[in-house]
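From first to last, the protein sequence lines are chains A and B.
Start counting the first sequence at 1; every next residue gets the next number (my numbering).
Start counting the second sequence at 1; every next residue gets the next number (my numbering).
None of these hints come from the bench; they were simulated from the model.
Here the structure is a predicted model, which is why all the values come from computation and not from measurement.
For each residue, glycine too, the CB sits at the ideal point set by N, CA and C.
Misleading hints may appear alongside valid ones.
[Claimed, not checked] In silico SDA-like links for lysine to any residue, alpha-carbon gap of 25 Å or less:
(1) A:K22 - B:Q175
(2) B:K348 - A:Q13
(3) B:K291 - A:Y68
(4) A:K22 - B:S225
[Unchecked claim] Quick look at which bits of chain A chain B covers, simulated, 3 or more residues with Cβ under 8 Å:
(5) 8 to 15
(6) 37 to 46
(7) 62 to 70
(8) 73 to 81
(9) 99 to 110
(10) 113 to 127
[Stated by the list, open to error] FRET-style restraints, in silico, Cβ to Cβ:
(11) B:S254 - A:T57: 43 to 51 Å
(12) A:D37 - B:G92: 41 to 49 Å
(13) A:T73 - B:P506: 42 to 50 Å
(14) B:K291 - A:E45: 33 to 41 Å
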Amino acid sequence: MPNSPFLPWNPQQVQDEIDALKHEPGALLPILHAIQDRCGHVPREAVPIIAEALQLTRAEVHGVISFYHHFRTTPPGRHVVQICRAEACQARGSRALENHARETLGIDYHQTTADREITLEPVYCLGNCACGPSLRVDDRILARVTPEKFNRLVDELTTQVLEVS
Amino acid sequence: MPVRIYVPRETTALALGADEVAERIEAEAVARGAEVELVRNGSRGLFWLEPLVEVETDAGRVAYGPVEPGDVAGLFDAGLLEGSAMSTLCRGPTESIPYLQAQQRLTFARIGITDPLSLDDYRAHDGFRGLEQALALSPQAIVDEVKTSGLRGRGGAAFPTGIKWQTVLDAPADQKYIVCNADEGDSGTFADRLVMECDPYLLIEGMAIAGLAVGATQGYVYLRSEYPLAHEIFNEAIARAEAAGYLGADIRGSGRRFDLEVRLGAGAYICGEETSLLESLEGKRGMVRFKPPLPALEGLFGKPTVVNNVLSLAAVPFILSRGATAYADYGMGRSRGTLALQLAGNVKRGGLVELAFGTTLRQLMEDFGGGTASGRPLRAVQVGGPLCAYLPESQWDLPLDYETFAEVGAGVGHGGVVMFDDTVDMGEQARFAMEFCAVESCGKCTPCRIGAVRGVEVIDRIRAGDNREANLALLGDLCETMVDGSLCAMGGMTPFPVQSVMKHFPDDLQRDATQR
């Protein structure tokens, strides 16, 4: 996957993250966050490793991963774009923005563009409710996102910087 | 002497380009050979003016906003460094901006004024005085102060904070916890985020006082993962507070311990419900617990636990430093103190408005908000988040207070005020309430798990004109079942916005698709 900002995962990385956190009370969520921050997702193959370390069943670990919207078990595209679907943004036209985004990218929520540049996700509130519609791209939040502003963002995200050596 | 210029580092200001504005100011100063000291302060919460640039002058701070990166050179030309009023972006002395001047900022007294991470700034603006007071008091005396203040849970349930603390204080245990609910999931709310990004030591101080009051030595802040900047700033604040002895094994040489840690949520709205939050902190699925036992007696890891919202804990330092009666002097009836209102949605002047209880919605939306951003007539307002009612104009003159709102089936919740203009389709909003519940239900109880899914289907049939009368009756029944039969507020309150649409905006629900 040439476009991913994440390195291909390996069991040792997962083990490292687990070892650093497993003695904390209620360690499972911090461990899942650490793995996803490092690998971009929580690989299915990591489930038995986590279960073993925390003395849980695989079903319990899988149950936690699948409960929370934030965790994903497949690699995302190079950028994750989340569009706020909540009421304050609805009042400022987020429904039209959602439709525009899906049409422009040619994908629905929880999907990734064919070039693996952008994964589209819904989000219920980014706390930017006085200046909607709001959108989060990776760790950056954008305000008053019009369809035109969205197009500019997509252009910016998908423009490859070529290094000339 | 360099000229001190403030540019906020806060989510909304950044979303509107504050970083670019700061870069331009530095570049422009260099190009003009001007000496400038750039401070990244918090936001004043006047989001309609963000990015709000302030310049320190002999006569106080002068505000300019909203400043776009392209405005910076022009601002310098118009005498920015002297605080000149020549630019049309000049708002005059910051403290005299009517939106700010008309507020009663007790909890948010410092936001936007200080560098959020500067301990010196915090102390210079009365910081840690509440903690110092608390260190000199017995646990019971601290709890008594909070009781006398009349403070009630600002997360939405409005349970008296002092009573909760008393229960935990009286519970014998080898370990107790303070858990701060920073899972601010309600649309239209951002006050918790503002505390954590713009005045993080305030929350740290409030939690340390809570720890001293009930005998808890460990605190957790459960923060939603949608707030990356709050996470970064608050973690840095904890590290600095620890290094300065305000947290840790020996708070300010008192021999008393309080440790604090942030835990990130993972995108589940239900984890704002306190028992679900505790499950999540324990590393489990965020499934709601049955009550009793109360978390105050058997909470985190089965130990007595105070679970308070950010704003409840952030109100405590004022109560301790200025006295319970100083806080209780604000407000009306049984709603004492101030409420952090958050103007959001289709609003011309959105932002944080901290006022004593008792203001009317109309004053808030018109005097502060200035009406809608679109300029169209205001039609509906949702106060208190996605589980609260939509209010029609006939209810905009009610005073904002817990009891008055409860009487009409509305809620104050966490203080979010989401405004809609006359283009809103209230049938769509009713449908969304059910849809949101279907997405976010923890699934433990049937009325919520199944009811929300059926609710979407029934509303779709009503909107499609399919057997409308019978389906409206069915929707009414379904709402009652969810209200009466759900385990927590998620399923129990999701019907409130739906019922408010059925009652106050019935035509929208029954309008034919061709007329929408």
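Results for each hint:
no.	hint	verdict
1	A:K22 - B:Q175	21 Å, holds
2	B:K348 - A:Q13	49 Å, violated
3	B:K291 - A:Y68	23 Å, holds
4	A:K22 - B:S225	20 Å, holds
5	8 to 15	violated (count 0)
6	37 to 46	violated (count 0)
7	62 to 70	holds (count 6)
8	73 to 81	violated (count 0)
9	99 to 110	violated (count 0)
10	113 to 127	holds (count 5)
11	B:S254 - A:T57: 43 to 51 Å	45 Å, holds
12	A:D37 - B:G92: 41 to 49 Å	45 Å, holds
13	A:T73 - B:P506: 42 to 50 Å	44 Å, holds
14	B:K291 - A:E45: 33 to 41 Å	39 Å, holds
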